[in-house]
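Chain residues, written in single-letter form:
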Amino acid sequence: MNTIFAKSVPGRCSAVIDSDAPDAARMLPPNLLRARPPRLPECSELDVVRHFTNLSRQNFSVDANFYPLGSCTMKYNPKFLEYVAALPGFTRLHPLLARLGDSHAQGALRCLYETERLLCEITGMEAFSLQPMAGANGEFAGVSLIAAYHREVGRDRRILLIPDSAHGTNPASAALAGFEIANIESRDGMVDPRALAAAIAAHQGNVAGMMMTCPNTLGLMETHLPEIVKQLHDIDALLYYDGANMNAILGKMRVGDAGFDVVHLNLHKTFATPHGGGGPGSGPVGVNAHLLPFLPVPRVEKRDGLYLLNDDFPHSIGHIGPFYGSFGVAVKALAYILRLGGEGLARVAEYAALNANYLKKRLEDVLDIPFERICAHEFVASAPEGLHALDIAKALLDRGFHAPTIYFPLIVRECLMAEPTETESKETLDAYVEALREIIAQGRDDPHALGEAPLTLPARRFDETAAARHIRITEDME
Amino acid sequence: MPYIPHTHRELQEMLTVVGVRGLDDLFADIAPSLRPKHFNLPRGRSEADVCAFFEDMAGKNGTDTISFLGAGFYAHDIPKAVDALSGRSEFYTAYTPYQAECSQGTLQAIFEFQTAISRLFEMDCANASVYDGGSAIFEAAMMAVRATRKHALVVDEGVNPVWRGMLRTYLAGLDIDVRIVPHANGTSNLTALTAAVDDSTAAVIVQNPNFFGAVADYTDVFANARARKALGVISVYPVMQAVLKTPGEMGADIAVAEGQSLGQPLNFGGPYLGLMACRKEHIRQLPGRIVGRADDRDGKTGYVLTLQAREQHIRRSKATSNICSNQALCALRALIYLSLLGPRGLTRLAEHNMALTRYAVERLTALGDVEPLNDVPYGSEVALRLPMPAEKFISALAKKGCVPGYPAGRHYAAMGNVLLLSCTEVNNRAQIDLLAEAAGGLL
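Those protein sequences? They're chains A and B, same order as listed.
With the numbering used here applied, the first sequence has no gaps in its numbers, which climb one by one up to 467 at the end.
With the numbering used here applied, the second sequence has no gaps in its numbers, which climb one by one up to 444 at the end.
Here chain A stands alone, though its shape is the one from the complex:
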């Protein structure tokens, strides 16, 4: 499809303000002005509407397709969440208005306060900050809190332990906060307490903490969790919970009770706010009592029935975001929590696990399933010998299903990681199984044909290597 720039017609315009303002040249000296106007599209409103409507039709989306993308939690996003977040009393609110007097933003501050309190009860943590703007940003905040904790007690601990099954953002966020990474190898899909003990011994006195995803990225609960917690706390190292898979344990386990010291959540996963094609998300960070002094400022408090912002935390790590986080996303998560209530949230975990286990069971004679035990909300499978996960993924697209996550986690061969979520029906899962069955049969018959998929979409497979070599990332780089 032509770009919006290719559709531009010189002189055509749409939203131009009716103004008697003079030209900029009459208000500013010439050396401060640009030589020519920006080369933006010149289009009518209908040109723009038609262009973006047609673009949207080239996307798969949760509203149109089953989207079992493992670890991403592509569940249904209830429509009323969009309504509440778009209320003008929220959208028109300037963030600094709350700084000019307590009375100005009471409704918005209350929403933030209630969200934080509910997240505390859901996770068993002492306090939350909604400031981090996405999951990886929450990770950075969390590991910064760990760094601040050790710094405060006068210790220079440089090592963060990270299991080999972790999301790649864990080591990247830890490195950004100044840590060195020590990898912990898995054994039977679990963090191995002996490997952990060995790592602690190897880096004696230098281990600041460990980052864990639980259930892990294989979709398995860590069965040695109490022992892991003990080993770390014995050396006053802190345990970080990566909340990417929090939806699997809602109402079944609270990470605070289990001994985790710091946690980030992905509101766009567990709490059903839409992913927006890659963002915006929201990555609140929660802590237990001994990390509380280090949380980002400002904190939202309630005093004498009034909601207010408090910056007076001298040990705080400071500002992770410009204001109070992705407020528009937090409002949706709060609405979702209020709608479902405690019982509804626990049901999310139950039906997410049911759908994942049902799908896994039904795929046992279709794909190679490396871990046959009960899984949590997602599971990993390998492409049958001789077939590639990539080809299977592309063939699924031809059948109207989004592909599962492929080639992750890195420790599983030809990995297909599927997370069906609780909002999908049995017949959708059954249809997905049948599609996979057909694809595998076709692949065994004629592996070459499978390599041709997809054939029915707006585009076929791309030469990504050539694209990275001959870089064209704007219309003007040809």
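Keep in mind that the hints were calculated from the coordinates and are not lab data.
These numbers come from a predicted model, not from an experiment.
Cβ atoms here follow ideal geometry from the backbone N, Cα and C, with glycine treated the same way.
Wrong hints could be hidden among the right ones.
[Claimed, not checked] Computed Cβ-Cβ distance ranges for the label pairs, DEER-style: (1) G441/B - A278/A: 52 to 58 Å; (2) E282/B - Q193/A: 42 to 48 Å; (3) R1/A - P6/B: 29 to 35 Å; (4) P33/B - L444/A: 49 to 55 Å.
[Claimed, not checked] Derived pair list, reagent style BS3-like, types lysine-lysine, alpha-carbon separation capped at 27 Å: (5) K291/A - K61/B; (6) K68/A - K61/B; (7) K230/B - K(-4)/A; (8) K230/B - K301/B; (9) K400/B - K291/A.
Following the hints, position chain B against chain A.
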């Protein structure tokens, strides 16, 4: 059960296939000692009930006041087509476009966004956006550190204090030195910005217009930085960029911005988006998502996520950044906004807002004791010196339903009487007349 489709019969069938008796058997791996001590959450409520709660909360914010509050974040009229198009669920319920063949809509939109931002700034290339204007400044600083292998930053005090605060937090664990160059009565001290750069400097970071609304030309600052093998980084206000000398024309290496003004509501602070553009030679240091043009098997042009070798899911702890997403829906909104306004719409908007601000200055200075902080050129925001503490002035007027701006003294010494006032198209002359009248009663 809201959003869970299973009938009782389906539940039983599925449990049988899985081979367990009840749903709780699926959680047998969670030891009893790890079960929640309590889970005291409220009961679920109807959709209508929840909506009513939020309608009530939305009514308890001071959004019905006249406001001249800006300080880097601006109220603008947003064409309804932006909401209608970005509200298409084919866009907002999709995920990161890993599977390019079924994500061409999102991918092409990001490619067009990258083009629009590059052209607005007159830089070679741009990424798909980062979280906000502050994280964009931090990421730009890190690009410079990697590109130059040097570890000191020179930062103009005129850079928004909110973003300088974030920079401090993000640099806490890294061995990077920050030198703040003090402003000179609300303007950049260009001589000091030149003198502060030495052989250890990775980047010099400035903002145009600066926090006080002052507009400057940083060409010489960047030329000096280049001579010292440091990078020039500039943060801009994208609406004013329609008329102001561009980062490209000034010879900047990296241009960033808070993109909120381009079609995003103020939303009490987020979600926003950070814009990042750079010269071609720094492209492999650019963090975050980047979309590139590619050819498919049939030779047809399309779009893919590109340069992924920089990213965390491949490079892990050696990645250029930990960012693994972009503000895709915000970027889409910015692109639609820019497409609707076009060059003429954006230019006229900047001019309209500058003219309104000049009218406000005229009306307020006519009161006698109010004067501009300095005599340098300004855009659509301006610093005014009042004959009384700005805090007092603001709270008195706010009680009358008019928020006249932001007190600069919150962040700067000896600025207690300085008011930062911004006008946009949501204001008008009648509002300014009201402001002047109310101010006259106070001063």
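Okay, the hints, checked on the actual structure:
1. G441/B - A278/A: 52 to 58 Å: With Cβ atoms ~53 Å apart, the hint holds.
2. E282/B - Q193/A: 42 to 48 Å: holds (45 Å)
3. R1/A - P6/B: 29 to 35 Å: At 47 Å between Cβs, range violated.
4. P33/B - L444/A: 49 to 55 Å: Given a distance of about 52 Å, which is inside 49 to 55 Å, the answer is holds.
5. K291/A - K61/B: holds (16 Å)
6. K68/A - K61/B: Within the cut-off at roughly 23 Å; holds.
7. K230/B - K(-4)/A: violated (41 Å)
8. K230/B - K301/B: violated (42 Å)
9. K400/B - K291/A: holds (23 Å)
This entry does not satisfy hints 3, 7, 8, going by the numbered hints stated previously.
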